[in-house]
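Asker: The listed protein sequences derive, respectively, from chains A and B.
Quick note on numbering: the first sequence equals residues 1 to 418 in our numbering.
Quick note on numbering: the second sequence equals residues 1 to 345 in our numbering.
No wet-lab data here; the hints were simulated from the structure.
No residue lacks a Cβ here, since even glycine has one placed at the ideal position from N, Cα and C.
Mixed in with the good hints there might be a few duds.
Each pair of labels, with its calculated beta carbon distance range [what the hints assert, rightly or not]: (1) A:G3 x B:P210: 52 to 58 Å; (2) A:K67 x B:I321: 56 to 62 Å; (3) A:E19 x B:S158: 22 to 28 Å; (4) B:P210 x A:H192: 31 to 37 Å; (5) B:F46 x A:E117: 42 to 48 Å; (6) B:S311 x A:E117: 53 to 59 Å; (7) A:N58 x B:Q169: 36 to 42 Å; (8) A:Y239 x B:T159: 37 to 43 Å; (9) A:M178 x B:S158: 34 to 40 Å.
Output of the computed footprint for chain A on chain B, the stretches with three or more beta carbons under 8 Å from beta carbons of chain A [stated by the list, open to error]: (10) 232-238; (11) 257-267; (12) 284-297.
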Amino acid sequence: MSGKILEFSHVAAGYGDREILKDITLSIHEGEFTGLIGSNGTGKSTLIKCISGLLPLNRGNISICGKENATLKSRERAQLVAVVPQSYHVEYDFTVEDIVMMGRNPYLGFRKRESQEDYDIVSEAMKATNTEVFRGRFYNELSGGERQRVILARAIAQKPRIILLDEPTSALDIYHQMEVMELITKLNQKEHMTVLAVLHDINMASRFCQRIVMLQEGTVFMDGTPQEVINRRNMEALYHMKLMIRESPLFHKPEIVPIRVMEQEKIEVPRHIHIICGAAEAVNLIEELDARGCTVTAGVLDKQSEDWKICHQLGIPCVDIEPFTSVTEEKQAKNLELMKDADMIVVANVPFGEGNIQNLHGLEFTCGKIYIHKNALCDDYTDGKLAKRVKDIEKRKEITYFENDREFLDLLKQTERQ
Amino acid sequence: MKKIDRKWAIPLSIAICLIIMYICTVTGVASISFRDANRILLHEIFHLNVDLEGISNGSITIIRNVRLPRVVLGFLAGASLAVCGCGFQGIFKNPMADPFVLGVSSGAALGASIGIVLHFDSRLLGMSGTTVLAFAGAFLTILLVYNISKVGKKVPVSTLLLSGIAVSQTLSAAMSVIMIMNKQSMDQIMFWTMGSLNGKGWNQILTVLPYSLLGILLLFTTCRELDIMLTGEDTAIQLGVNVEFLKKKVLFAATVITAAVISVTGIIGFVGLVVPHIVRMITGPKHRTLMPLSLIFGGTFLIICDTAARSLAVWEIPVGIITSLCGGPFFIYLLSRMKKGGNFS
Chain A
1 MSGKILEFSH
11 VAAGYGDREI
21 LKDITLSIHE
31 GEFTGLIGSN
41 GTGKSTLIKC
51 ISGLLPLNRG
61 NISICGKENA
71 TLKSRERAQL
81 VAVVPQSYHV
91 EYDFTVEDIV
101 MMGRNPYLGF
111 RKRESQEDYD
121 IVSEAMKATN
131 TEVFRGRFYN
141 ELSGGERQRV
151 ILARAIAQKP
161 RIILLDEPTS
171 ALDIYHQMEV
181 MELITKLNQK
191 EHMTVLAVLH
201 DINMASRFCQ
211 RIVMLQEGTV
221 FMDGTPQEVI
231 NRRNMEALYH
241 MKLMIRESPL
251 FHKPEIVPIR
261 VMEQEKIEVP
271 RHIHIICGAA
281 EAVNLIEELD
291 ARGCTVTAGV
301 LDKQSEDWKI
311 CHQLGIPCVD
321 IEPFTSVTEE
331 KQAKNLELMK
341 DADMIVVANV
351 PFGEGNIQNL
361 HGLEFTCGKI
371 YIHKNALCDD
381 YTDGKLAKRV
391 KDIEKRKEIT
401 YFENDREFLD
411 LLKQTERQ
Chain B
1 MKKIDRKWAI
11 PLSIAICLII
21 MYICTVTGVA
31 SISFRDANRI
41 LLHEIFHLNV
51 DLEGISNGSI
61 TIIRNVRLPR
71 VVLGFLAGAS
81 LAVCGCGFQG
91 IFKNPMADPF
101 VLGVSSGAAL
111 GASIGIVLHF
121 DSRLLGMSGT
131 TVLAFAGAFL
141 TILLVYNISK
151 VGKKVPVSTL
161 LLSGIAVSQT
171 LSAAMSVIMI
181 MNKQSMDQIM
191 FWTMGSLNGK
201 GWNQILTVLP
211 YSLLGILLLF
221 TTCRELDIML
231 TGEDTAIQLG
241 VNVEFLKKKV
251 LFAATVITAA
261 VISVTGIIGF
271 VGLVVPHIVR
281 MITGPKHRTL
291 MPLSLIFGGT
301 FLIICDTAAR
311 SLAVWEIPVG
321 IITSLCGGPF
331 FIYLLSRMKK
341 GGNFS
């Protein structure tokens, strides 16, 4: 790893009496692409303001390229650090080229006017951000995504060593979000520019940043690779909400799936519900029953199936088997043990084949009421064994059929009333 | 609006300005024939050996010592006020700012009224007492406003505007008190506050010129940084502009200019507000074009207004009234047109 380019030591800063940053100690190395995450009001943007000289520190110090930040003149600082804010509006009719040329200001003076070299740098910056096609148009007349590219071009024209981005994609649609993030990645990789970006979108941060720093209550809470920082424990501490972390199969980076913030209405008499599933269709039902306060168990599940993942995330007891293996008698015995005390046994929407038909074995001897999703009977890959098995169960026990999760939840409410 | 090619804008404007200066010099209430006026001008300006026989000495004096200095002072005052307007509108990022927004005019007016009431006549540095006191009043006001607005080492623009308004109102009230207590001087004070170039000669021009030149030169060095200020103060800092120094520089330069001009002419409103505005509509917001063109058109505008002031009626109308009378409605017309088409810039 190359040298430290940006160092914070015990930084504290705030507005008036309100201290936002309490004690930040952090080093950013040259060439890194670091994402700064944290919930609203934890001081991410404040940190950017401190670096760019907008906000004086109460304590501690920041050094940029080995120089004390507080002693840098704004000109000198602007030659080292460029800032890309959230998409912003300019009330006056400046052309795109005028705006990008403003990036050359730190190198110009009263006596030194724009030279051919400055115009070349501006042209290059516009080329790199695909903005040269509208160089003569007014900045005001551009769309949000186009404006953000222009501001990025201005930052490039500054020829900085560090680019600071303050929620650069927050006002953009996903196409333009991706475009801006890809441009920044390109700058980081090709021009070896050090990037420090405040990002709200955790998935975006996980995907593009090599390193993620998580702030909480004005201090560094976690610092590491996306895999180290984005896990359920950290994210729940950060956002105080129900969420799920899974690995994105496409990028092999952790991905956050927010589930809900507000508590679900609880069921008055909590019941033990056992769910027979193992594909991907029971995820919603498992989560909802769990959120409503039911005791949920499940089995027998293929490891790595979506149903298994949600059970794993929510800590739901289940019986599982290795992927692509069959349910053995031994496993089913464990499954029956798990559903022994269940008030309700639900056969979710899962296709049955030779591998998992064993799952329905012995159901007729349980004491819980049995509910079967109608679709489970449609996908029969067992040569009629499924229909026979269901008939056998029906000989001894009543089966209630339901068409979708909503209907099952209604049935649950009805039994509650009885 | 299509922006006029910058390369041609300035030479073209200078040409228009010179033509108007010429027309305004040869027109007036005194009956000097067009031919005579031209002959006097050729003699006076280009020192050509023109035969002035048959032209009365009175006519020569009117052209040389009345009309020419008025045209020159008119240009100087108008140009100075318009450039100050540009500077103020730039640092305040507010198209409604003008050279008087921080109360310079009230300070000057109070100073002048004190001078008039006390018959203060010092002839300090070749200036009349009223002029000296007006200049001092203007300067002290800005110092006061600046210090009230200061928060630590910074001077936030919003507090600057608000304290400017507050101080200005207070000083106006003080001036009213002086006027009421000295009813015999009321007319004189009223006339002073309306602004006039009447009776001003080469001496006054020499008084104003150094301050104006110094101030205008200073303001011209801030063009690029003022452009960046228009995109926001935070952005300006991040792009390497020393914002606090820039504010001080513009405030100082504009105050020097405004104080010098209005201490001689009285308060001439609207030039500093309207001219930069109209020029911005035509050329766009870049100060490198905006400032020189505002200078030229500010000067031209005031010359036209002053010519109207001395020619429309048999008695002299204060030029401040004319600038407001012409500028106001024209401005309203522009605003209503802009409302349909978009923003003001």
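Asker: Please go over all the hints and tell whether each is borne out by the structure.
Answerer: These are the hints, each one checked on the structure:
Separation of A:G3 from B:P210 is about 54 Å and conforms to the stated range, judged on CB atoms against 52 to 58 Å. Between A:K67 and B:I321 the beta carbon distance is about 58 Å. The supplied range of 56 to 62 Å therefore holds. A C-beta distance of roughly 24 Å is found between A:E19 and B:S158, which places it inside the suggested range of 22 to 28 Å. A C-beta distance of roughly 53 Å is found between B:P210 and A:H192, which places it outside the suggested range of 31 to 37 Å.
For B:F46 and A:E117, the Cβ-Cβ distance of about 45 Å falls inside the hinted range of 42 to 48 Å, so the restraint holds. Restraint check, B:S311 to A:E117: a C-beta distance of roughly 54 Å satisfies the suggested window 53 to 59 Å. Look at A:N58 against B:Q169: about 37 Å separates their beta carbons, and that is inside 36 to 42 Å. Taken as a hint, the range 37 to 43 Å holds for the pair A:Y239 and B:T159, whose Cβ atoms sit roughly 38 Å apart.
Roughly 38 Å separates the CB atoms of A:M178 and B:S158, a value that falls within the hinted 34 to 40 Å. Here the stretch 232-238 of chain B counts 5 residues with a CB under 8 Å from a CB of chain A, which clears the bar of 3, and the coverage holds. With a threshold of 8 Å between beta carbons, the proposed coverage of the stretch 257-267 of chain B by chain A is violated, since 0 of its residues qualify and at least three are required. For a cut-off of 8 Å, the count of residues in the stretch 284-297 of chain B with a CB near a CB of chain A stands at 3, and the three-residue condition holds.
Checked against the numbered hints given earlier, the structure breaks hints 4 and 11 and satisfies all the rest.
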